[in-house]
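Q: Add chain B to chain A, keeping to what the hints say.
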Amino acid sequence: MKILLTVHDKSIAPRFDQATEVIIAEHDGHRMVGDLRTIILSRRGAEDLSDLIVKEGIDCVVCGGIEENYYRFFTWKKITVFDGIIGSHSEALQMAISGTLRSGTILPSAVEE
Amino acid sequence: MVWASRQEVTVVFLGILIFPVCHASNTLVLPMQKIKVLIISEEPEFTDILTDRLRSWGFTANAAGGGDEAMSMVTQSRPDVVILSLRSGHGHDLDTLSMIKNLDATIEVILLTCKGTAIAGMKGIEQGAFDCMHQPIELGVLIEKIRRAHAQRSVPYIKGFGVPLFPSILACEQVPELLSSLFA
Numbered sequence: 001m002k003i004l005l006t007v008h009d010k011s012i013a014p015r016f017d018q019a020t021e022v023i024i025a026e027h028d029g030h031r032m033v034g035d036l037r038t039i040i041l042s043r044r045g046a047e048d049l050s051d052l053i054v055k056e057g058i059d060c061v062v063c064g065g066i067e068e069n070y071y072r073f074f075t076w077k078k079i080t081v082f083d084g085i086i087g088s089h090s091e092a093l094q095m096a097i098s099g100t101l102r103s104g105t106i107l108p109s110a111v112e113e
Numbered sequence: 001m002v003w004a005s006r007q008e009v010t011v012v013f014l015g016i017l018i019f020p021v022c023h024a025s026n027t028l029v030l031p032m033q034k035i036k037v038l039i040i041s042e043e044p045e046f047t048d049i050l051t052d053r054l055r056s057w058g059f060t061a062n063a064a065g066g067g068d069e070a071m072s073m074v075t076q077s078r079p080d081v082v083i084l085s086l087r088s089g090h091g092h093d094l095d096t097l098s099m100i101k102n103l104d105a106t107i108e109v110i111l112l113t114c115k116g117t118a119i120a121g122m123k124g125i126e127q128g129a130f131d132c133m134h135q136p137i138e139l140g141v142l143i144e145k146i147r148r149a150h151a152q153r154s155v156p157y158i159k160g161f162g163v164p165l166f167p168s169i170l171a172c173e174q175v176p177e178l179l180s181s182l183f184a
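For the record, the sequence lines run as chains A and B. If you count by the working numbering, then the first sequence holds residues 1 to 113, one letter each, in order. If you count by the working numbering, then the second sequence holds residues 1 to 184, one letter each, in order.
With the rest of the complex left out, here is chain A (with noise of 0.2 Å):
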């Protein structure tokens, strides 16, 4: 299962479509497959995003917040979305990876700061 991030410095973006950069990640269900891959975007845009995550056939999004048209096109795509997530993507992969992830959640390390 391809999971993608988007990031911003070291939190998860929070906005999808001002995200710059994008973290994946697989898994088999119970631990990471292979390293952590960072992808760099040459500008922001949702539509270059959307782009990337059909292109790279990711099974699951983890952004913040995203607008109801592409929510829908991601589901429509059977893509799994967790938004309105906030705190650090480290954080937030090993939810997504344990499961334990929920779209709203505010993360520990989100209220540690």
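Keep in mind the hints are simulated off the structure, nothing from the lab. Keep in mind that a hint or two might mislead.
Part of the chain B face toward chain A, derived, beta carbon under 10 Å [stated by the list, open to error]: (1) S41; (2) E43; (3) F46; (4) D48; (5) I49; (6) L50; (7) D52; (8) S85; (9) L112; (10) C114; (11) Q135; (12) I137; (13) E138; (14) L139; (15) G140; (16) L142.
Think of the CB as a built atom: it goes at the ideal place given N, C-alpha and C, for glycine as much as any other residue.
A: Just chain B, lined up with the frame of chain A:
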């Protein structure tokens, strides 16, 4: 057919002797040296992130917006590797590549292409760019290319041959004849 003068043959032969030493010293010295990378792009956010990420991986990374600023930075800092972003509809972006190569042919240039710049990327390869990558770029792949470009830059060049010494020796089918003429 004699294709090289005796002096050139001597230089090639000395290169054979020197290459293993250079190669060995690179493997010993390079991990302690910071590879100098210059990113040339008109997208400040992109250059900021890439510069930051490359620095965190141990590179000495700087960014320039393009044109004169880029060339003055190349002249001043003499980077090992330049990452040059090509823009659609800006054919003159390749002029920067030509200027860098004219200034110092050993500086390796990696081109970043996007929609509409694939042809420019191919032209760039013909003009001496090390490689081109389509955007968005994967950081791990770019880092690997930068390291390979730097390793290629470290291979000794002979003026007049225009190609790295070691491959030029391998490409020559007349090495035995050349060596025998050297000692004749």
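Q: State for each hint whether it applies.
A: Evaluation of the provided hints:
Among the interface hints, the one on B:S41 holds; its C-beta lies about 8 Å from the nearest C-beta in chain A, closer than the 10 Å criterion. Residue-level restraint check for B:E43 holds (minimum Cβ-Cβ distance to chain A is 6 Å; threshold 10 Å). Checking B:F46 against chain A by beta carbon gives a least distance of about 5 Å; that is within 10 Å, so the hint holds. A least Cβ separation of about 9 Å between B:D48 and chain A falls short of the 10 Å threshold, and the interface hint therefore holds.
Using the Cβ-Cβ criterion of 10 Å, the hint placing B:I49 at the interface with chain A is satisfied: the shortest such distance is roughly 6 Å. Taken as an interface hint, B:L50 checks out: its beta carbon lies about 6 Å from the nearest beta carbon of chain A, inside 10 Å. Annotation: B:D52 was flagged as interfacial toward chain A, and the flag holds, the nearest CB pair being 9 Å apart, inside 10 Å. Interface hint at B:S85: satisfied, since its Cβ lies 7 Å from the closest Cβ of chain A, which is below the 10 Å cut-off.
The interface hint given for B:L112 holds, since its Cβ lies 7 Å from the closest Cβ of chain A, which is under the 10 Å cut-off. Given hint, B:C114 at the interface with chain A, holds; its Cβ is 6 Å from that chain's nearest Cβ, closer than 10 Å. Of the supplied interface hints, the one on B:Q135 holds, with its beta-carbon coming within about 4 Å of a beta-carbon of chain A, less than 10 Å. Checking B:I137 against chain A: minimum C-beta separation of about 6 Å stays under 10 Å; hint holds.
Given the 10 Å rule on beta carbons, the hint for B:E138 holds: about 5 Å separates it from the nearest Cβ of chain A. The interface hint given for B:L139 holds, since its Cβ lies 4 Å from the closest Cβ of chain A, which is under the 10 Å cut-off. At about 6 Å, the closest approach between the beta carbon of B:G140 and any beta carbon in chain A falls short of 10 Å, and the interface hint on this residue holds. Because the smallest distance between the Cβ of B:L142 and any Cβ of chain A comes to about 8 Å, under 10 Å, the interface hint for this residue holds.
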